[in-house]
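Asks: Chain residues, written in single-letter form:
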Amino acid sequence: MSLSEQWVAFMTILRKEIKRYLRIWTQTLLPSAITMSLYFVIFGSLIGSRIGEMGGFTYMEFVVPGLIMMAIVTNSYANVVSSFFGSKFSHAVEELLVSPVSNVVILMGYVVGGVSRGLLVAVVVTLVSLFFTHLQIHSYLIVITVVLMTSTLFSLAGFINAVYANSFDDISIVPTFVLTPLIYLGGVFYSMDLLPEFWANVSKLNPLVYVVNAFRYGVLGVSDVSLPIAFGMIIFFTALAFGFSMHLLNSGKRLRQ
Amino acid sequence: MSSTWQNTGTIARLSTEVNSLPTMIPALTIENLSKVYDNGFEALKGISFQVEQGDFFALLGPNGAGKSTTIGIICSLVAKSGGRVRIFDVDIDVDFPAAKRHIGIVPQEFNFNQFEKALDIVVNQAGYYGLPPALAKERAEKYLRELGIWDQRDVPARMLSGGMKRRLMIARSLIHEPRLLILDEPSAGVDIEMRRSMWAFLKRINEQGTTIILTTHYLEEAEALCRHIAIINHGNIVENTSIKSLLRQLSREVFILDCVEDVPEEIAIDGFIVRRVDSHTLEVEVQKGQHLNDVFSVLGEEGINVSSMRNRANRLEEMFVNLVEGAA
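Chains E and L, in that order, are what the protein sequence lines are.
Going by the numbering used here, the first sequence opens with residue 1, and the numbers climb by one from there.
Going by the numbering used here, the second sequence opens with residue 1, and the numbers climb by one from there.
So that you can see chain E by itself, here it is in the shape it has in the complex (with noise of 0.2 Å):
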């Protein structure tokens, strides 16, 4: 296929995508926004007026910016695992795998798909806070970058899941019992300075705790974690996760008999 008939065919995909999450918008969109809400309610206004400064910022205001990255982080990874692992469950992907669409074109359709759903996720969730909090952005430069490179990262990811599942209970399995703790052990109501040092290190091992603190740098200015170490970090992860995701549909393991 040539460039524009790639460019084409990946167009295609992301339409499709994007019309399946806003088709479906009350199982997409509105949870957020309502779960977030509860967030900022309880853990921002009710319990967070009572602990005081964290970081040298109001409880609120420091932990907007890790519930916009939760927001984020879910919903990329719901995205791609939901939409991937129905299309395999109903064969809708033999569509595909039957076209000349190379493998490369059919994986960015679907993680651009989750980080488009990612964005209008962040900005649903952005504007609730700012019903509870005054945002005031250090870097727009950090925060766009940051946003775009998770939820590609965990577009990947759920990617990955999506391919081995064979199941529906194998979509939630992860979210739950991995993605979940990872979120919240990630830094999202809590700076890492609280923890001893031996979980601290042990942290550092936590794809999220780096993309929790870069994106607290975008908005606030203070982070945990060294940015550009934070930046190599999820660049690390985003490249493992994008070789991982091409040797699967390379190979055609549980896609291709």
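Bear in mind the hints are in silico, worked out from the structure with no lab data behind them.
Hints are supplied without guarantee of correctness; some may be wrong.
Said to hold, decoys possible - Straight-line C-alpha distance at most 30 Å; calculated DSS-like pairs for lysine-lysine:
| no. | chain 1 | residue 1 | chain 2 | residue 2 |
| --- | --- | --- | --- | --- |
| 1 | E | Lys88 | L | Lys117 |
| 2 | L | Lys244 | L | Lys45 |
| 3 | L | Lys137 | E | Lys88 |
| 4 | L | Lys137 | E | Lys19 |
| 5 | L | Lys45 | E | Lys253 |
| 6 | L | Lys165 | E | Lys88 |
| 7 | L | Lys165 | E | Lys253 |
| 8 | L | Lys45 | E | Lys88 |
| 9 | E | Lys19 | E | Lys88 |
| 10 | L | Lys203 | L | Lys117 |
| 11 | E | Lys88 | E | Lys253 |
| 12 | L | Lys165 | E | Lys19 |
| 13 | L | Lys165 | L | Lys117 |
| 14 | L | Lys117 | L | Lys137 |
| 15 | L | Lys203 | L | Lys165 |
| 16 | L | Lys244 | L | Lys203 |
| 17 | L | Lys117 | E | Lys19 |
| 18 | L | Lys244 | L | Lys288 |
Everything numeric in this text was worked out from a predicted model, so none of it was measured.
Mind docking chain L on chain E? Use the hints.
Replies: For chain L alone, coordinates are given in the frame of chain E:
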């Protein structure tokens, strides 16, 4: 809604493209194709066959014989263990994307997103082949019209009847105007009227140049549509010839004769095996070289007139059973 499938002219363009290819190149060449699944099951044991351009080719075989594995390999849903596959002389190991451009596939099972609209399913498929949106929509309209489901274009696929879903898959498979159309059990779950109109549609696009391969359990369908046939059993090709040649090999045929007058209980016709089914029905076995005229002469002498006659079973079916059982 009418189930008549119309040709609004798009198919004619297919034939122009098809005819521009050198005619000596086969549409499909399979050499020593083998497949061993991960569980050790040997689905294909080195099969070879060729399908000429413009042919209407039937791939028959009992369940589990290897038909779907063969089709799966041709369209890349199954990885082969060995052998070569060439589609219009393009080796799938050398340039599978180029080979895929020539193929349209209509699988046995519905394999589309049931929540998407019929039009979106077809337009999206065009996009996967790199067709720009405007051209995709134009072709989608033509094929959905030709297949009689344009009025249902905005209906989610899950709301369509089984026959409409089958037509939707045919429209989808034609959207990139393939030179080789492969249909896996196209008549499964389709009513008689729909089947007949589908046959007429397939005959028409074949006459206009599209090579067609179909697998089917309806041997009547293969006899009505196809010129060549390969029978596959236990992963081996047990027969590969023209339908006419295959039928010529039939050593015997059994006919049912409906008689006007009462048939005597002890009726016998020299040289023929005759069985009285009931007072007005005879079953006559005719060996190769024997003539039915002799049967009619004897019955005429007995004062028995024959009002109608039919084969006891489809002729191809008898041949198929002989070949498959013989190879078992």
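Asks: Against each hint, give a clear statement of whether it holds in the structure.
Replies: Okay, the hints, checked on the actual structure:
no.: 1; hint: Lys88/E <-> Lys117/L; result: holds, 19 Å
no.: 2; hint: Lys244/L <-> Lys45/L; result: holds, 27 Å
no.: 3; hint: Lys137/L <-> Lys88/E; result: holds, 26 Å
no.: 4; hint: Lys137/L <-> Lys19/E; result: holds, 17 Å
no.: 5; hint: Lys45/L <-> Lys253/E; result: holds, 23 Å
no.: 6; hint: Lys165/L <-> Lys88/E; result: holds, 19 Å
no.: 7; hint: Lys165/L <-> Lys253/E; result: holds, 29 Å
no.: 8; hint: Lys45/L <-> Lys88/E; result: holds, 29 Å
no.: 9; hint: Lys19/E <-> Lys88/E; result: holds, 18 Å
no.: 10; hint: Lys203/L <-> Lys117/L; result: holds, 28 Å
no.: 11; hint: Lys88/E <-> Lys253/E; result: holds, 12 Å
no.: 12; hint: Lys165/L <-> Lys19/E; result: holds, 22 Å
no.: 13; hint: Lys165/L <-> Lys117/L; result: holds, 11 Å
no.: 14; hint: Lys117/L <-> Lys137/L; result: holds, 13 Å
no.: 15; hint: Lys203/L <-> Lys165/L; result: holds, 20 Å
no.: 16; hint: Lys244/L <-> Lys203/L; result: holds, 17 Å
no.: 17; hint: Lys117/L <-> Lys19/E; result: holds, 11 Å
no.: 18; hint: Lys244/L <-> Lys288/L; result: holds, 15 Å
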